[in-house]
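Chemist: Construct all of the structure, not just a fragment, from the sequences and the given hints.
Line order of the protein sequences matches chains A and B.
Under the numbering used here, read the first sequence as residues 1 to 431, first letter to last.
Under the numbering used here, read the second sequence as residues 432 to 644, first letter to last.
Hint data in this document are derived by calculation from the structure and do not stem from the laboratory.
Each hint should be verified, as a subset may be incorrect.
Claimed, not checked - Computed footprint of chain A on chain B; a stretch qualifies when at least three of its residues, placed anywhere within it, have a C-beta under 8 Å from a C-beta of chain A:
id: 1; segment: 449-463
id: 2; segment: 470-480
id: 3; segment: 498-504
id: 4; segment: 536-549
id: 5; segment: 593-605
We put the CB at the ideal spot given by N, CA and C, even for glycine.
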Amino acid sequence: MLIRRARQRERPKLVTVLEARDHIEADSRFEQHTLAHLRQAEREVAWLRWLGIVAWVLILLWRDMTSDVGNAWAVLGGGLIYTAWSHWRIDRAGSIRAAARLTSVGDPILAALMCAMTGGIGSLFYPFFYFTLLATVFRLGGRDVVLILALNAALSVVLFFFASAPDIRLTDLTIAIFYLVFATLLGVMLARWARKNLSLATSREKAFRLARDRTRLLLRRLIGAQEEERRLVAGDLHDRLGHQLFVLQQGLGSLADHDKLPDDLKLRLKSLGNEAQACANDVRLMMNDLRPTVLDDFGFCEAVREYVARMSVNVPFDLTLKIDDTVEFDERAAEAMLFRIVQESLINIRKHAKATRVVISLAPPVYAGGGAVLTISDDGEGFDPHKTEPGHLGLLTMRERAEALGGTFEISTISGEGTTVTVTLPEGHAA
Amino acid sequence: MKATSIYLIDDHHVLRQAIATMLEAEGDLVIVGQSGEGRAAINEIAELKPDLAIVDLKMPGMGGLAVIGEIARAVPKMGIIVFTMYDNPAYVWEATNGGASGYVLKSAGKDDLLRAIRAVRSGAAYLQAEVTKPLLQRLAQDAREQGRKSLLSTREVQVLECLSDGQSNKVIASSLAISEDTVKAHLKSLYEKLGASDRAHAVAIALRQQLIE
Numbered sequence: 001m002l003i004r005r006a007r008q009r010e011r012p013k014l015v016t017v018l019e020a021r022d023h024i025e026a027d028s029r030f031e032q033h034t035l036a037h038l039r040q041a042e043r044e045v046a047w048l049r050w051l052g053i054v055a056w057v058l059i060l061l062w063r064d065m066t067s068d069v070g071n072a073w074a075v076l077g078g079g080l081i082y083t084a085w086s087h088w089r090i091d092r093a094g095s096i097r098a099a100a101r102l103t104s105v106g107d108p109i110l111a112a113l114m115c116a117m118t119g120g121i122g123s124l125f126y127p128f129f130y131f132t133l134l135a136t137v138f139r140l141g142g143r144d145v146v147l148i149l150a151l152n153a154a155l156s157v158v159l160f161f162f163a164s165a166p167d168i169r170l171t172d173l174t175i176a177i178f179y180l181v182f183a184t185l186l187g188v189m190l191a192r193w194a195r196k197n198l199s200l201a202t203s204r205e206k207a208f209r210l211a212r213d214r215t216r217l218l219l220r221r222l223i224g225a226q227e228e229e230r231r232l233v234a235g236d237l238h239d240r241l242g243h244q245l246f247v248l249q250q251g252l253g254s255l256a257d258h259d260k261l262p263d264d265l266k267l268r269l270k271s272l273g274n275e276a277q278a279c280a281n282d283v284r285l286m287m288n289d290l291r292p293t294v295l296d297d298f299g300f301c302e303a304v305r306e307y308v309a310r311m312s313v314n315v316p317f318d319l320t321l322k323i324d325d326t327v328e329f330d331e332r333a334a335e336a337m338l339f340r341i342v343q344e345s346l347i348n349i350r351k352h353a354k355a356t357r358v359v360i361s362l363a364p365p366v367y368a369g370g371g372a373v374l375t376i377s378d379d380g381e382g383f384d385p386h387k388t389e390p391g392h393l394g395l396l397t398m399r400e401r402a403e404a405l406g407g408t409f410e411i412s413t414i415s416g417e418g419t420t421v422t423v424t425l426p427e428g429h430a431a
Numbered sequence: 432m433k434a435t436s437i438y439l440i441d442d443h444h445v446l447r448q449a450i451a452t453m454l455e456a457e458g459d460l461v462i463v464g465q466s467g468e469g470r471a472a473i474n475e476i477a478e479l480k481p482d483l484a485i486v487d488l489k490m491p492g493m494g495g496l497a498v499i500g501e502i503a504r505a506v507p508k509m510g511i512i513v514f515t516m517y518d519n520p521a522y523v524w525e526a527t528n529g530g531a532s533g534y535v536l537k538s539a540g541k542d543d544l545l546r547a548i549r550a551v552r553s554g555a556a557y558l559q560a561e562v563t564k565p566l567l568q569r570l571a572q573d574a575r576e577q578g579r580k581s582l583l584s585t586r587e588v589q590v591l592e593c594l595s596d597g598q599s600n601k602v603i604a605s606s607l608a609i610s611e612d613t614v615k616a617h618l619k620s621l622y623e624k625l626g627a628s629d630r631a632h633a634v635a636i637a638l639r640q641q642l643i644e
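Modeler: Here it is, written out as structure tokens:
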């Protein structure tokens, strides 16, 4: 009892550790998702930038909008280099955030240069400011938003004073800056909405992973606890019930032999004695079913040989055992796991497979450093692994048993041709 | 007739008392000592040299099988009867190999234990019926497994030897003067009999089981 209580106290810690690990993982997953999205956005913005350059080329070719053709060509050259460079950097930049910050400064400067050639605040290209602002705010967010807005506004002021047509008034600048603020707010709103969606998706994924890990942990603990409990119950049956029944039986027997008792009483005492003996017999069989001590004292090979020897007279199929005795286990848990899988498989085969021939084999590692391989194959009907009932825990438990020890569990089945269960122990559990 | 002296080894005190009472009621059986602990029992038995020892298998500390080995060496003439809850063939086999000549289950009646005592005392051996059947089944299982190993045909052994030389199916076919399909058929049955998954595995198993050199 002491041991059991101590274990219970330890267990919650495990869950806490698992949860903590999950939080860290989830945070880093969220970060990874964010970065992936940012990279994607950066790529899309790069294509928009190319579109802007194309617009500039069209302006140069079709309309005589600029007073200074030489500088316009220079802006085109610079713009081309900048656009190509920013596009090239997306997949090569060490930090995509830093790359995004650079373009969030570069874009308004390019827009300002374009506007400066084509009439300042009143230029056809002035809306580029709104576009770049929207794009960068959407990508970056936070304190950066204010800085980018300030940069855009400052560039607009410069354009107003140095490059605008004489008919442009201060009201136009005010309206332009008002629109910049408006675009910024729109960008912030969109960015919030997107982040919320992303974090929702991430938290759903986290919840799912946590639930899966918990189920797995619980199942493994359940398997371990079941095995331990069975061992304890079998031990108790042996140490207490078995012995007490013997004592009871002897007591009844010696009473029945007592000379002074009437015959009918003697007879009843004798039959009670027989009853006690039958009980003792049942206890003995139950002990073995719960947890064969042979498994603990002699190991998997002997336990499975005995089990198969017993079973082979009780099953309607031909049962062949191919055990390589050179396989050595260095952990009892692995042997118990294999034994339970053999038991579970044979029960399944007997119930469902309609097999005529079953082969159980334990082979040493196929390659050096690998693990021992247990296979159980039958020539029965096979089944559809996708159609097993959800309530049927057999396969799941077998898989968890194997995987809990770091091994692998495979089941291959062909309808009408039989089923093979393959369990590979990890290196170290058997050699 | 001289009374038979018996020593009891069982960690369950009440059970030892019950056995003692039951046996002493027979008149010609005397319990000369008893112990719940293996090491102490061995020392006492070496000193008392009883005619018989009745031993439980599952005890804390030194297990019954180890105790049997020790007392059989210490007092070779003494008869040893296992009195246990376990009917598993492995225990029966180990106990009888260790020197026990009687095996009775605790779930059996008084008659079985008395029969065992009489038999062992007269120099015979006694296995309870419930124990004999699983033991025979288990031995049959061994025989089946052994039989499978010796089932390799001469041809299959030849193919195995070729395999161990690293020959391909084609080379094996020509060196044994059989068709390649026949070689494949031999391989298939070899894998089956050896429980091998491929050529290398078959050779590995065959070497380990010393089917080839």
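Chemist: None of the hints should be skipped; say for each whether it holds.
Modeler: Each hint, compared with the structure:
no. : hint    : result
1   : 449-463 : holds (count 5)
2   : 470-480 : violated (count 0)
3   : 498-504 : violated (count 0)
4   : 536-549 : holds (count 6)
5   : 593-605 : violated (count 0)
Of the numbered hints given earlier, the model fails hints 2, 3 and 5; all others are met.
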